[in-house]
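Turn these sequences into a full structure, and let the hints steer you where they fit.
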Amino acid sequence: MIKQSSKISLFFKKHQKSLVFWGFLAPALLAFVFTIIIPFFLGLYYSFTDWRGFGTPEFIGFENYIRLFTAGGNESIRFIYSLIITFVFAAINIVLLNIISFSLALLVTRGLKFQNFYRVGFFLPNLIGGIVLGYLWKFIFNNVVPDVTLLASGESFLMLADRNTAILGISLTWGWQYAGYLMMIYVTAIQNIPQDIVEASEIDGAKFMQRIRHIMLPMVAPAFTVTLFLTLINSFKQFDVNFALTAGGPSTEFQGLSLWGTKLISMYILDTYQVSLRPALAQAQAVIFFIVLTVISVIQVQYNKRKEIEA
Amino acid sequence: MTRKKRSTLLLEILTILLFVIFFSPFVLLLMNASKETSFEVLTDPLALTGTFAQLLTNMEEVWTSTNTQYQQAFVNSITITTGSLIAIVVASSMAAWVLVRTKSKISNLIFLLFVVAMIIPFQVVMIPLVSWFRTLRDVTGIPFLRSHFGMIFAYVGFGAPLSIFMYHGFMKSIPYELEEAAEIDGCNKVQTFIYIVFPILKPITITIMLLNGIWIWNDFLLPLLIVGKGTPFQTVPLAIVNYVGAFVAEYQFLLSAVLIAMIPVIILFLFAQKYIIKGMVAGSIK
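Sequence lines, in order, name chains F and G.
Read left to right, the first sequence gives residues 0 to 310 (numbering that gives the first Met the number 0).
Read left to right, the second sequence gives residues 0 to 285 (numbering that gives the first Met the number 0).
Treat the hints with care, as some may be off.
Stretches of chain F that chain G covers, calculated by requiring three or more beta carbons in the stretch to come under 8 Å of a beta carbon on chain G [claimed, not checked]:
1. 22 to 29
2. 142 to 154
If you anchor each label on the Cβ, the simulated ranges turn out as follows [stated by the list, open to error]:
3. G:I15 with F:K206: 21 to 31 Å
4. G:R5 with F:Q190: 18 to 28 Å
5. F:F207 with G:C186: 54 to 64 Å
Hint data in this document are derived by calculation from the structure and do not stem from the laboratory.
Yeah, the Cβ is synthetic: ideal placement off N, Cα and C, and Gly gets one too.
The following block contains the structure:
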């Protein structure tokens, strides 16, 4: 008996270090492996099968992927359209959101009265979930904006029902939520610009626009790398606002096929899974989405890093 | 008036103007959530016919209505958010500590795995996650789907990488001598962690809790897949979607429901805005 217990305590002493290591690591590692790592590889595997969400899937090679890129096929046309509209959405956001948030950042770093109050106010919508503010903006676009345009121009303008402007409606709503956040990143960068450089340029007679072009922009270039990256990946991942605001509508036409006009890629993947009930195909779409997202964000960061050095 | 003063005044007016435009959605929300009938809302959303008393009546109606199941949803959201935050903080700080203090190949490799996994978007794992959780439930008997446990477990998994990354960065700045001294004084590893290390982590713990808390409170896709809308385990965003999908006609109630969902975060923001803004900008990697 005594021998036994001393053996155990000896074991503990000998392996105490690795016991502590694995013991402390276990909860986080277990949850992480179970929710991210295993599903990630399962998903890769499922995308090469005819998986139906249950039962034993059969391996079918690249069939799902081929289906998504067969010219003229309905699934292919819908999927490509969804990718294109997501790229359009990301492009609008990259221009619109960054112009707005950089301008806001310039305004609230000029030493105005109450500038902290403005910063906090512009930041506030960022804390409210996309679903909640999506419904608020749906009300504004469907009920308030038409009234205002009716008074102003005699025509009531339903932004979300128009296939050309619905995507802009999503951009505006998400922009309202996200601009304050990007603004704060710019504010932090602008505040880190050494004041003596700005003063020296003022003494040398640099105009406001010259100061922005030759001092501000080069000095905040690293912030642009971050904000463009964030705008890009979050545009691609967008779901909540899209869901609450347009739910994919209105309908439009693409390559002779009538389809949903604003189904961004996330919603498209989820609908393939939940509405069309084709999980294997949805998973193949998700894998392509992952590859596209990784490639363009690597390109963007590389490009911006080079710009940073040039500037 | 000098030129400089005039341009400052112009900037001031411009900022106030932008600020008013920026805040108009909130004003419109309050104006219309306080009206008595849906007809009033729809005929003239810009009219100021609402009253504060009516706003309270509408909010009470939404809060107690069996259609919204708002009270249950709030309890669920609070339970899931609190539970997840405690679990994330405990699990990530423990993991980050041993990852920082153990210099071995396997330790570096695991940390790298956590960091690399941050690039995996949720959309890539969401579909297999549901079937995998179903398998886990069937094999172990533990309710991974349609339960608070399943949600909290998943949030630890999705929240751990960034939280560990942030703890890891912070811990590298803590002098190792403190822990050595504690061990010489007779603390074992667990005691050293609880009494010495964890209290020092307080500032970064607050940041991590705010960052994860806001994300979890507002999250929609994960609860949609794990618990589903309309179920007894639904969170606030799910309850709103469920309500809007089924009872769209009453606009004053819909807007009151939206307003109620905003209140908790806005109150939190009023109290902790400095921490929140600083933490969220610091966590901008995510």
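Which earlier hints can't be squared with this structure?
Violated: none.
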